[in-house]
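Novice: Single-letter residue listing:
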Amino acid sequence: MSRRSLVVFIFLALAVAVFLWLHHGKGDRQQIKENLLALERVVSIAPGEARKPLLAKIREIRNLMADPCKLSLDASGISGAYAPAEMAQLVVRFQSQVHQARLSFHDIKITLPESGAAEIACTGQLKGLTLSRERLDEFRELKIEASKIDGKWKFTRFKTIEALEK
Amino acid sequence: MGESRFRSFFLPRFSLSYLLRLVIIAALAIVFFSKICIPVRIEGISMEPTYHDGSFNFCCRVPYFFHPPSVGDVVFIRMAGTRVMYMKRVVAMAGNVVAFQDGYLYVNGKVRPETYVVTECDWDLPPRKVKPRHVYVVGDNRKMTIENQVFGQVPASRIVGKALW
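In the order they appear, the protein sequences are chains A and B.
Numbers 0 to 165, taken from numbering that gives the first Met the number 0, label the letters of the first sequence in order.
Numbers 0 to 164, taken from numbering that gives the first Met the number 0, label the letters of the second sequence in order.
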């Protein structure tokens, strides 16, 4: 085997190894990431965008969240177990108080400790403008838990982690 | 001759060695700008007037390879990762007792002069001891209310690096 063929062979073997590593368990991880993107769309609202009716929000949230879903969002004072309808009310109330808002998740790390369960570590960022045109820019580290319910990944718990303690 | 050198510098022949050079430079740039000197865009007003909203800086990790953060350093604090970070100033170290009284910062019962603070404030915070392996960080903008400023003690392990300037 010539030196050039050896280099090409090693390069291809590395490429295959990286591809397999990246795609290991990708089906579940991909679904969870898509759910996070869907959640971003549910909460975000563009300026002038028509507010969706409560029933539509409940339908969207039911596809993403378990019933009930536990929330421990220290900064906002939201804590407890919420049904999809209650969560939809929270989202609708929040959207009625802002001119525009965009929720985004960054640095998403998904681990699958056991079959049908997932833990997600990420940073949630909420940017926008209130109705009184005050700037909204909050971000928190989040620990999210998800379970596979009837073949679909649904979020079961959201918890904020406060990095700084006054 | 000159033209040929110019051509070979800017438009080199596409060879295996050229490709290798390109891959090495790209890999080094990725490692440098993602692990050693992370570019950051500053959003928010908590570090005004030292750092302005919308300005640009780098989170440099090199200094903390050799020594831990010290008082006065402007540091970046990671959340789940380094895509979104807090930018704050270290004002006290582990074991120190920190308090605010009438807007003045007290460390171990003595007023700590803060030359970077340009506005008067009325912050009051009862004394608290910084836990082991933690540092106490605060933003420079004291025009903000104490409720609106995110500050406090943070594990030193969360500090990613120092502002380059």
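Incorrect hints may have been included.
Using C-beta positions, here's what the derived DEER-type ranges look like [to be verified]: (1) A:L72 to B:P48: 30 to 36 Å; (2) A:K147 to B:F31: 22 to 28 Å; (3) B:F31 to A:L111: 52 to 58 Å; (4) B:R132 to A:L21: 52 to 58 Å; (5) B:S16 to A:R58: 32 to 38 Å; (6) A:L19 to B:N147: 17 to 23 Å; (7) A:I9 to B:H51: 46 to 52 Å; (8) A:D136 to B:S3: 51 to 57 Å; (9) A:Q88 to B:K109: 48 to 54 Å.
Not everything, but these chain B residues come out facing chain A in the computed CB check (under 7 Å) [claimed, not checked]: (10) G151; (11) Q152; (12) R157.
Note that these hints are calculated values from the structure, not bench results.
Built from N, CA and C at the ideal position, the CB exists for glycine as well.
Novice: Hint by hint, say whether it matches the structure.
Specialist: Do the hints match the structure? See the list:
no.	hint	in the structure
1	A:L72 to B:P48: 30 to 36 Å	32 Å, holds
2	A:K147 to B:F31: 22 to 28 Å	40 Å, violated
3	B:F31 to A:L111: 52 to 58 Å	32 Å, violated
4	B:R132 to A:L21: 52 to 58 Å	35 Å, violated
5	B:S16 to A:R58: 32 to 38 Å	59 Å, violated
6	A:L19 to B:N147: 17 to 23 Å	48 Å, violated
7	A:I9 to B:H51: 46 to 52 Å	49 Å, holds
8	A:D136 to B:S3: 51 to 57 Å	55 Å, holds
9	A:Q88 to B:K109: 48 to 54 Å	51 Å, holds
10	G151	4 Å, holds
11	Q152	5 Å, holds
12	R157	6 Å, holds
The structure shown violates the earlier hints numbered 2, 3, 4, 5, 6.
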